[in-house]
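Chemist: Listed below are the residues making up each chain.
Protein chains: 2
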Amino acid sequence: MKIKINENFKNIKENYLFSDINKRVKAYKSTHPDADIIRLGIGDVTLPLPKIVVDEMAKASIEMGAKETFKGYPPEYGYDFLREMVVDYYKRNKVTLDLEDVFISDGAKSDIGNIVDILGDNDIYIPNPVYPVYVDSNLMSGRKVYYIEGNEKNKFLPMPDGLDCKPKVIYLCSPNNPTGATYSYDELVKWVEYAYESGSLIIFDSAYEAFITDGSPRSIYQIPMAKHVAIEISSLSKMAGFTGIRCGFTIIPKELTVGDTSINALWKRRCATKFNGVSYPVQRAAYVALSPEGVEESKKNLAIYKKNTEMLCELFDKKGIWYSGGKNSPYIWMRCPNGMKSFEFFDYLLDKANIVGTPGVGFGECGEGYFRLTSFASNEDTKKAVERLNKLL
Amino acid sequence: MKIKINENFKNIKENYLFSDINKRVKAYKSTHPDADIIRLGIGDVTLPLPKIVVDEMAKASIEMGAKETFKGYPPEYGYDFLREMVVDYYKRNKVTLDLEDVFISDGAKSDIGNIVDILGDNDIYIPNPVYPVYVDSNLMSGRKVYYIEGNEKNKFLPMPDGLDCKPKVIYLCSPNNPTGATYSYDELVKWVEYAYESGSLIIFDSAYEAFITDGSPRSIYQIPMAKHVAIEISSLSKMAGFTGIRCGFTIIPKELTVGDTSINALWKRRCATKFNGVSYPVQRAAYVALSPEGVEESKKNLAIYKKNTEMLCELFDKKGIWYSGGKNSPYIWMRCPNGMKSFEFFDYLLDKANIVGTPGVGFGECGEGYFRLTSFASNEDTKKAVERLNKLL
Chain R
1 MKIKINENFK
11 NIKENYLFSD
21 INKRVKAYKS
31 THPDADIIRL
41 GIGDVTLPLP
51 KIVVDEMAKA
61 SIEMGAKETF
71 KGYPPEYGYD
81 FLREMVVDYY
91 KRNKVTLDLE
101 DVFISDGAKS
111 DIGNIVDILG
121 DNDIYIPNPV
131 YPVYVDSNLM
141 SGRKVYYIEG
151 NEKNKFLPMP
161 DGLDCKPKVI
171 YLCSPNNPTG
181 ATYSYDELVK
191 WVEYAYESGS
201 LIIFDSAYEA
211 FITDGSPRSI
221 YQIPMAKHVA
231 IEISSLSKMA
241 GFTGIRCGFT
251 IIPKELTVGD
261 TSINALWKRR
271 CATKFNGVSY
281 PVQRAAYVAL
291 SPEGVEESKK
301 NLAIYKKNTE
311 MLCELFDKKG
321 IWYSGGKNSP
331 YIWMRCPNGM
341 KSFEFFDYLL
351 DKANIVGTPG
361 VGFGECGEGY
371 FRLTSFASNE
381 DTKKAVERLN
391 KLL
Chain L
1001 MKIKINENFK
1011 NIKENYLFSD
1021 INKRVKAYKS
1031 THPDADIIRL
1041 GIGDVTLPLP
1051 KIVVDEMAKA
1061 SIEMGAKETF
1071 KGYPPEYGYD
1081 FLREMVVDYY
1091 KRNKVTLDLE
1101 DVFISDGAKS
1111 DIGNIVDILG
1121 DNDIYIPNPV
1131 YPVYVDSNLM
1141 SGRKVYYIEG
1151 NEKNKFLPMP
1161 DGLDCKPKVI
1171 YLCSPNNPTG
1181 ATYSYDELVK
1191 WVEYAYESGS
1201 LIIFDSAYEA
1211 FITDGSPRSI
1221 YQIPMAKHVA
1231 IEISSLSKMA
1241 GFTGIRCGFT
1251 IIPKELTVGD
1261 TSINALWKRR
1271 CATKFNGVSY
1281 PVQRAAYVAL
1291 SPEGVEESKK
1301 NLAIYKKNTE
1311 MLCELFDKKG
1321 IWYSGGKNSP
1331 YIWMRCPNGM
1341 KSFEFFDYLL
1351 DKANIVGTPG
1361 VGFGECGEGY
1371 FRLTSFASNE
1381 DTKKAVERLN
1391 KLL
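If you're matching them up, the sequences are chains R and L in order.
The opening position of the first sequence corresponds to residue 1 in my numbering, with each subsequent residue numbered one higher.
The opening position of the second sequence corresponds to residue 1001 in my numbering, with each subsequent residue numbered one higher.
The following block holds chain R by itself, in its conformation from the complex (with noise of 0.2 Å):
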């Protein structure tokens, strides 16, 4: 074909991280197959769905074999039913919002990775490290990207602090993936004022908040004006499990606007183009899952995750080593010791340990000499794990 293609493309590094991994678990397996590997390095949930939400997708499944019961279209924002528990889940939050304000998605990467359709040439401002998603689906709609710096000094939660004064796009993830670390009420203050003075949107990604138990704000409505400058994108994946499900919710404040024209309308007609809803089991299953019952439930699951982090942080914390993440998060973010980079870190553990994580470099290259272990094992390997640790720290 002689046609043209989207040539943005060609400036995408090829994320060969988790392949590479995979690589090296495999070399060291085939020259040691005995050995009792422990994969730390899991970025997925692992525990079953409540049985209360299974029972209600397999229910919608069935009634949908039923002339009286079938469903066919689904709005394209999602129904109303689910709507309205979205407003109720962040009520119990102490935000309020408009049933308009609140958008179901299948899943917030592919909400973050679409909202790019309605905005148009902006600078982008992305911390580092950081989740892929942000950096590739600007990088392929030709966005010029600017990374903000995360480390040690700011905790890997940067501010504003020395960014000029020109309206630009932020996307802000907290806590965050892969640092953990979690922005507190008074940070997110300040960037919130430093969107409105600079006339600036954020996209906050709070996928993770469910994780959060220190009282840090679960959701960027939570701090004043929050409305007027942000999109939050959220998912069920991690709060309830439903990575395999594929659920989440886009909030678009009607108070979100630029000159008189409505971001919320900007999405809505962009849903209504290119996207004709979520499957109605899954919307039922994800109604009984954000319903404070289901919420119930899923805790039990978040807090076998949390025992594993809070062994692994016990550990860290007798040890002196700094890292990020654990308390309020899923993953914790070690600097790897000796100074070692991070994948030599990673070969280190593989081989002295038998533990696989995640190199903090394939998360950008202020990753580089930082080490990202997750919760999602069970218990008792991440009990063995904790022991290793505590014997080759």
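Treat the hints with caution; some may be incorrect.
[What the hints assert, rightly or not] Not everything, but these chain L residues come out facing chain R in the computed CB check (under 10 Å):
#1 1001
#2 1051
#3 1054
#4 1062
#5 1067
#6 1073
#7 1121
#8 1133
#9 1152
#10 1199
These are calculated hints, taken from the structure and not from any lab test.
Predicted, not measured: the structure shown is a model, and the values here were computed from it.
All C-beta atoms in this analysis are idealised placements derived from N, C-alpha and C, irrespective of residue type, glycine included.
Given chain R's structure and the hints, the job is docking chain L onto it.
Modeler: Using the frame of chain R, we list chain L on its own:
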């Protein structure tokens, strides 16, 4: 905010078609409260899903609640079990695909809308009348759209005859929404040859292929060399009643290249960045729906819809009213009687026969003077409608 928004959104016409229809029906009802209104405007399936399909979905849902059978993130391109079933589905239709050519989606509309992401700034050629998503998704990304006129002379099956030989992106939908018109083998050969010679890409929407009964191609890949010029986007929505379940598939053969760039690789990258796969229970349901047994079950529903189109076609044949579709499609696209305009006939039909259809002009200006009737009402209602039309026309 002072950020830039995507100004191209201003070029998209608001589509008031269905809200306008609803308003007119509501107004009529308020003055005629006892009218027995029959809706032949429905563009969505109405019959429940086969039992084997919903049972599988319920079973897979329950499995998500048990440790041994729980599934996390699905593969971005779909589970291999379902991709293999798509390959098998095509094989039954004498088309050979590679598993890697197949991408599982949450419905054809999403992929039709998102496919523009991987393309550069090409001229876009779209038949008119048309499914609005082709036009709007291109206008949103600032592309120049040219219409290829459908009319009675070409039986609403525009051909490439008058087109220049420059490379372009061409959207074809066969059987067509809204006209029901279906390209023959020879006609598609001409399109594929044109695309090959001009270096163009065809985006072929085959969402209605299961309605084909006269031997016309159900896939563009039945045409020699089509793998070098065409992407095919399809859906389980109409074929298997999945409008509320949300599953489709997109075929991008590895033969499809621009220079040394593989379109398949571009789309793979797009999916890996902006999509996280389709719900596991949905994919299990789709697997059963596409199996030979599932297809047989769905045919029972298709036969009920087909009976409706037959009743309508028989009447129009008897009355000598020009129409396209009906034979290979759930849609009948009729010429409005007595030179009436689309909305004029809408009001006439509502008032004189209490029948609601869809004014053809709502699908583009080439639809003016035409009218779409659909087969998704019940057999009883359609029979009643045919009796009323018999008296009226």
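Chemist: When the nearest CB of chain R is found for residue 1067 of chain L, is that gap smaller than 10 Å?
Modeler: With Cβ-Cβ at 5 Å, under 10 Å, it holds.
Chemist: Once the shortest beta carbon distance from residue 1073 of chain L to chain R is found, is it less than 10 Å?
Modeler: Hint on residue 1073 of chain L: holds, closest Cβ of chain R at ~5 Å, below 10 Å.
Chemist: With chain R as the partner, please determine if residue 1152 of chain L meets the hint condition of a C-beta pair closer than 10 Å.
Modeler: violated, 30 Å
Chemist: Given residue 1121 of chain L as an interface hint, is the shortest Cβ-Cβ distance to chain R below 10 Å?
Modeler: It holds, given that the least Cβ distance between residue 1121 of chain L and chain R is near 6 Å, below 10 Å.
Chemist: For the restraint on residue 1051 of chain L, tell me whether the closest CB of chain R is nearer than 10 Å.
Modeler: holds, 5 Å
Chemist: Interface hint check: residue 1199 of chain L, Cβ to nearest Cβ on chain R, cutoff 10 Å. Holds or violated?
Modeler: holds, 3 Å
Chemist: Using 10 Å as the Cβ threshold, decide whether residue 1054 of chain L counts as touching chain R.
Modeler: Check passed: Cβ of residue 1054 of chain L comes within 4 Å of chain R, closer than 10 Å.
Chemist: Hold the hint about residue 1062 of chain L up to the distance rule: shortest CB distance to chain R must be less than 10 Å.
Modeler: With Cβ-Cβ at 5 Å, under 10 Å, it holds.
Chemist: Using the nearest Cβ pair, does residue 1133 of chain L come within less than 10 Å of chain R?
Modeler: Cβ of residue 1133 of chain L sits 6 Å from chain R, so the hint holds.
Chemist: Less than 10 Å between beta-carbons is the criterion; does residue 1001 of chain L satisfy it with respect to chain R?
Modeler: holds, 5 Å
Against the hints set out earlier in the document, a violation occurs for number 9 only.
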